[in-house]
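Sequences are here, hints too, so could you generate the full structure?
Position 135 (the sequence shown) corresponds to 140 in this note's numbering; numbering is contiguous.
Hints listed in this document are in silico derivations from the structure and should not be mistaken for laboratory results. Glycine included, each C-beta is placed from N, C-alpha and C at the ideal position. Mixed in with the good hints there might be a few duds.
Unchecked claim - In silico BS3-like pairs for lysine-lysine, Cα to Cα no more than 27 Å straight-line:
#1 LYS66 x LYS96
#2 LYS177 x LYS193
#3 LYS113 x LYS215
#4 LYS177 x LYS159
#5 LYS174 x LYS96
Claimed, not checked - What follows is a list of derived Cβ distance ranges for each label pair:
#6 ALA134 x THR178: 16 to 26 Å
#7 GLY147 x GLY210: 34 to 44 Å
#8 THR129 x THR44: 30 to 40 Å
#9 VAL151 x PRO90: 23 to 33 Å
#10 GLU42 x ALA162: 35 to 45 Å
#11 ALA132 x THR178: 39 to 49 Å
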Amino acid sequence: MKKLQLPTILGLSAALLLPVTSAHAHFLWGHVTPGAEPTFRLSISEMPGEGTDADHIEQAKDSSAWLVGGKDLKLTNTEGLFVAPVAPDSKVIAAGYSWGAFPEKGKKTLYLLDLYAKAAVTETAAATAANLPLEVFARRDGGQFVATVKSQNKPLAKAEVVVTSPDNKEEKTFTTDKNGSIRFPYTKSGLYTVRAINVSTPRSGSHNGKQYSSVLGFSTLTFTAA
Numbered sequence: 006m007k008k009l010q011l012p013t014i015l016g017l018s019a020a021l022l023l024p025v026t027s028a029h030a031h032f033l034w035g036h037v038t039p040g041a042e043p044t045f046r047l048s049i050s051e052m053p054g055e056g057t058d059a060d061h062i063e064q065a066k067d068s069s070a071w072l073v074g075g076k077d078l079k080l081t082n083t084e085g086l087f088v089a090p091v092a093p094d095s096k097v098i099a100a101g102y103s104w105g106a107f108p109e110k111g112k113k114t115l116y117l118l119d120l121y122a123k124a125a126v127t128e129t130a131a132a133t134a135a136n137l138p139l140e141v142f143a144r145r146d147g148g149q150f151v152a153t154v155k156s157q158n159k160p161l162a163k164a165e166v167v168v169t170s171p172d173n174k175e176e177k178t179f180t181t182d183k184n185g186s187i188r189f190p191y192t193k194s195g196l197y198t199v200r201a202i203n204v205s206t207p208r209s210g211s212h213n214g215k216q217y218s219s220v221l222g223f224s225t226l227t228f229t230a231a
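In structure tokens:
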């Protein structure tokens, strides 16, 4: 199946302000490989750990990544995965990329497409704030996880959230409640992925000489549960 380029499918959805069906789109993902010598891996792909395809290498290369509360990371392209070693005591790495300003269908205005990623080494670290404009948090609550989406540090209600778990790579889709939260089950130890979309946030600015009046954002979270 041909993979669709993100601006192409999202331009229409953003203009219509409808829920986005994002199957086979690409997202900014980060995750940390566990072990004595952990490595942060970043890609623009359908899922974390997949190599960035040729169409998106330039965007991945221009993405910024940093240790939360620490220094920027210098990423090296390794077969489409942009990697950097991190200290064994690292907790959270964040990344971001502004894809560009695109026209809203049927309008003269433009929207800015922003991608964000947060990679938490542990489930506890998944609740740590990276201070991203659009951010996903997660915490354990008994046999469940509670994931919360925040836009500009405020809970985002009615946001689409997609989750995968270690025992089932099939995506499950949720909608956040008035507190910006969803619940999903803890099934087994391993890598959990969460992604969220904020269809439109009124915000004006300029990107590469183009004026935009709103922002469409995707934010992802990965964490390893014990």
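**Prompt:** Okay, which hints does this one fail, numbers in order?
**Reply:** Hints 8, 11 not satisfied by this model.
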